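Since chain L is already given, all that's left is putting chain D on it; use the hints.
Number of protein chains: 2
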Amino acid sequence: MTNKPEKPKKTAIRFTREADFPQWYQEVIKEADMAENSGVRGCMVIKPWGYGIWENLQRRLDQRIKETGHENCYFPLFIPLELIEKEAAHVEGFAKEMAVVTHHRLVAKDGKLVPDGQLESPLVVRPTSETVIGESFAKWVRSYRDLPVMINQWANVVRWEMRPRMFLRTSEFLWQEGHTAHATEAEARTETATMLEEYKKLAEDWLAIPVIPGEKSESERFPGAVETHTIEAMMQDGKALQSGTSHYLGQNFAHAAEIKFQDADGGESYCHTTSWGVSTRLIGAMIMTHGDDDGLRVPPTVAPRQIVILPIARDAEAAALVMPAADALAAKLNAQVAFGNPVRAFVDKRDVGAGEKRWGWIKKGAPVIVEMGPRDLEQGTVMVTKRTDIYAKASEAIDTFAAAIAQTLEGIQAQLFAEAKAYRDARVRTDITDLAAFKAFFADETHASGGFVRAYWDESASSEESLKELGVSVRCLPYDQPATGGTCVLTGNPAKKQAIFAKAY
Amino acid sequence: MTNKPEKPKKTAIRFTREADFPQWYQEVIKEADMAENSGVRGCMVIKPWGYGIWENLQRRLDQRIKETGHENCYFPLFIPLELIEKEAAHVEGFAKEMAVVTHHRLVAKDGKLVPDGQLESPLVVRPTSETVIGESFAKWVRSYRDLPVMINQWANVVRWEMRPRMFLRTSEFLWQEGHTAHATEAEARTETATMLEEYKKLAEDWLAIPVIPGEKSESERFPGAVETHTIEAMMQDGKALQSGTSHYLGQNFAHAAEIKFQDADGGESYCHTTSWGVSTRLIGAMIMTHGDDDGLRVPPTVAPRQIVILPIARDAEAAALVMPAADALAAKLNAQVAFGNPVRAFVDKRDVGAGEKRWGWIKKGAPVIVEMGPRDLEQGTVMVTKRTDIYAKASEAIDTFAAAIAQTLEGIQAQLFAEAKAYRDARVRTDITDLAAFKAFFADETHASGGFVRAYWDESASSEESLKELGVSVRCLPYDQPATGGTCVLTGNPAKKQAIFAKAY
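From first to last, the protein sequence lines are chains L and D. Following numbering that gives the first Met the number 0, the numbering of the first sequence begins with 0 at its first residue and continues without gaps. Following numbering that gives the first Met the number 0, the numbering of the second sequence begins with 0 at its first residue and continues without gaps.
Extracted from the complex, chain L is given alone in its bound form:
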């Protein structure tokens, strides 16, 4: 074990981001042992390292969902066809690719199993739950005293995917969906904004992913919504990833589901409803924001193991010294708090070579790797590698290292965010003001030239439609806008607002 490992000739991931971003993405997931494809097309198995990240993300968001006044519930997986039909706009919009249950039994026939017991009416596996939850809300809400109703559920949902991609687009995925009903439009709009702000904080403060919050254009709205708000992140290939949405549904769903109440004056009104969700897609965003050519880099907030301790022992004698010292260090670290939770240190005692172990954890993106051999112990030191700079391995006094662990993790978290923000900010082009330049920018397919265009847009449906052939879409109309209007980059017409344009996942 040398103090300064040589920078290897090749990177740990078989494909570099530069050479083939999509292949790099798949390889990182594989090498980090996060997830794998299953025997069912479009469905994945989320393995412990991937699921542990989701749990840490969940814990934080769940806490915030409760602190903002919501309670968790659980609604059925199956939705009767009739309920989906009720929401005509909803159905036309997106509810097409769905898993349909038609039978409730399997029977053996000639040594094969075949479906039996046909249902009178088919059931749909929920693609989202506005319809079933709306049906409950209609029962729960009688008077203004019952309002607001503010609930959330953590659930699996299914949208059949023809071109699946792990974490980004899978037939089944995990998410939370919040649903609320209010007496007034103002209250529902405030709720929509509050939850989008929570998603922004989750992305930035927890996943270290900088995002642009804004409103979706009409054509990009959730079907049936009056307004859809979004946070948009930039991946390292310059493409946008919609990372969370919050919808103000007006009274549309309340009319469809008959969610109405008697107000204080005895009159009858329909509720104003909202819905909002984030999903395991955020893990895809994390990979494509922070990963490098040596693998994943997991923000310490969500890393299942924040510090991995590798005891280096060539023989039993060394092991007898090093193993207890490693356990003692882990215990010392785990007794501390970082980001409001106990620190998560882990001793990797597997019977595997030291180099293989180290590179394994680098590929998994563990924030801090600590090597500890008999000679280090004699000197009261450990060798510390931060995932943010794996070629700056440094010897540190054990006690100093242990005492400063919260700051160390916070420093890594801050660095990941700063790097991602610098990368993103450098790739939001504000200097493209006419269609020719706009087309040229998005026609250039090289990785280095990817990014967002921020420019004035006249919000016309026809100009938005024309973007399709460029493979570009309006990601959002950001909240922060210049004081005055300008000229639409697509049409040359006067425009009130700027939009974010990008290719997107």
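Heads up, a few of these hints could be off.
One copy or two, it doesn't matter: identical chains are merged, so the pair holds either way.
[Unchecked claim] With a straight-line Cα cutoff of 20 Å, these simulated SDA-like cross-link-like pairs (lysine to any residue) come out: (1) Lys259 / Arg374; (2) Lys200 / Phe345; (3) Lys65 / Asn340; (4) Lys65 / Phe345; (5) Lys420 / Glu409; (6) Lys467 / Leu118; (7) Lys385 / Val336; (8) Lys420 / Leu173; (9) Lys111 / Thr101; (10) Lys29 / Asp109; (11) Lys496 / Asp347; (12) Lys65 / Glu54; (13) Lys356 / Glu119; (14) Lys348 / Asp145; (15) Lys111 / Glu66; (16) Lys495 / Ala442.
In short, the hints are calculated from the structure, not lab data. The structure presented is a predicted model; accordingly, all values stated were derived computationally and were not measured.
Structure of chain D alone, referenced to chain L:
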């Protein structure tokens, strides 16, 4: 507000346990606002009070699952038919009533939605995941160095139910399923025992439900298992509720799924696997163990709100005094710890009459209700009701009450367990030694005479079969057995062990 409310002429729940236990059960769920039926037959909506209990149960068990060396994963909802066919024994045993997905699209046709896009091969919504998880294990395990594999998932599962009953038997339910693979039989058997012991602790230490741990008879085993271990609880109608099971699967599933490994000597062996699970059924067990004729009684460990503070204020002036005092008391309580977690106190500020509020929380089974009016405040006291004795409302000094809250909650928890254990112990009959007495006992349908029979049994399949016409089953062969054998209560033959016999849910 009087100090000693009169004992009301009737109880808060429309049906008493004595008069109609099943109706009482449904009414308690309704009055406690825990859950309701949905539009899909056999599927329920779990409302915040019910789901909050599940979350508290989950948090505890999840912690123990991790502390015993397991990691969480997530496997697909859908199982290909071929995988289910592989497990012949498995299929014959129970895998009949299952939701079958046959189409992946809905299309509009004459204003109706109809299934479209027929799948080449149908998919089954998981009734349990041994098959898919076995398929993954076969990929993950190559060498003895990869073992043991110890994973768990929290998931929804579906088993079509013709006679559903909330929490006890629903078409969709929530559960955790642990799955492990080991190199040796001894290790797998230890794992099976460890997890059953965890379930016993969960039931007794967390849900205050006394259980009898033991092994299932051959006919009651999980299909494909070598041994099934169970914890059996007694409900207040004397019936048994199987509350958690842990299976030693031998090499049966490993053979079916080809889960094999190269051992240290280079030879190839099949793994020994286990699986174990508990579900939302435990909430049904909790209701039927602790509920009384005034509603639910929730153990403080799992109560979403352990202390409910009711500010009593007839006018704005009183409210200005009482509301801040109520908030201050809640903050003081919430800063403390009970059962290893922060205390959960809540101020109910709804604009609802004091009596209605109080009875609402009694029916929901909140462990402690605190009433606080201007006169109490003047004297620095509050009126405290414990759910374990609602007619012993007592005035207590605020500071004393607040300082002792952890002990108060622990006392209620201990009382619930002691009451349930006394009730159960009094109804395990050990004095029934011949078939005539056995039949007479189970023929008596009155509530007061229900219970378990603990007696010698010769473990013959024919005698077990004969129990069916009595509506009785062998619940388990308890672990604690007398030193010597005896005479079988059913056949008069010599018997090695005692069994627990009961009617069951």
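If the cut is 20 Å between Cα atoms, do Lys385 and Val336 qualify within a copy, between copies, both or neither? For Lys385 and Val336, only the intra-copy Cα distance (19 Å) is at most 20 Å; the inter-copy one is 36 Å.
Given identical chains, is Lys65 near Asn340, meaning Cα to Cα at most 20 Å, within a copy, between copies, both, or neither? both (17 Å within a copy, 16 Å between copies)
Between copies, within a copy, both or neither: which fits Lys29 and Asp109 at Cα up to 20 Å? neither (40 Å within a copy, 46 Å between copies)
Is it within, between, both or neither when you check Lys420 against Glu409 at 20 Å Cα-Cα? within (16 Å within a copy, 50 Å between copies)
At most 20 Å between C-alpha atoms: does Lys65 with Glu54 qualify within a copy, between copies, both, or neither? The answer is both: 16 Å in one copy and 13 Å across copies each meet 20 Å.
Could you place Lys495 and Ala442 in one of the four classes (within, between, both, neither) given a Cα distance threshold of 20 Å? neither (27 Å within a copy, 82 Å between copies)
Please work out whether the CA atoms of Lys496 and Asp347 approach to 20 Å or closer within one copy, between two copies, in both situations, or in neither? Classified as neither: same-chain Cα gap 54 Å, cross-chain 45 Å, threshold 20 Å.
I want to check one pair: Lys356 and Glu119. Are their C-alpha atoms no more than 20 Å apart within a copy, between two copies, both, or neither? neither (56 Å within a copy, 43 Å between copies)
At most 20 Å between CA atoms: does that hold for Lys348 and Asp145 within a copy, between copies, both, or neither? For Lys348 and Asp145, only the inter-copy Cα distance (13 Å) is at most 20 Å; the intra-copy one is 56 Å.
Go through the copies and call it for Lys111 and Glu66: within, between, both or neither, with a Cα cutoff of 20 Å. This pair counts as neither: shortest intra-copy Cα distance 52 Å, inter-copy 42 Å.
Is it within, between, both or neither when you check Lys65 against Phe345 at 20 Å Cα-Cα? Close across copies (13 Å), not inside one copy (30 Å); limit 20 Å.
Please sort Lys200 with Phe345 into within, between, both or neither, judging by C-alpha distance up to 20 Å. neither (28 Å within a copy, 27 Å between copies)
When held up to the earlier numbered hints, the structure conflicts with 1, 2, 6, 8, 10, 11, 13, 15, 16 and fits the remainder.
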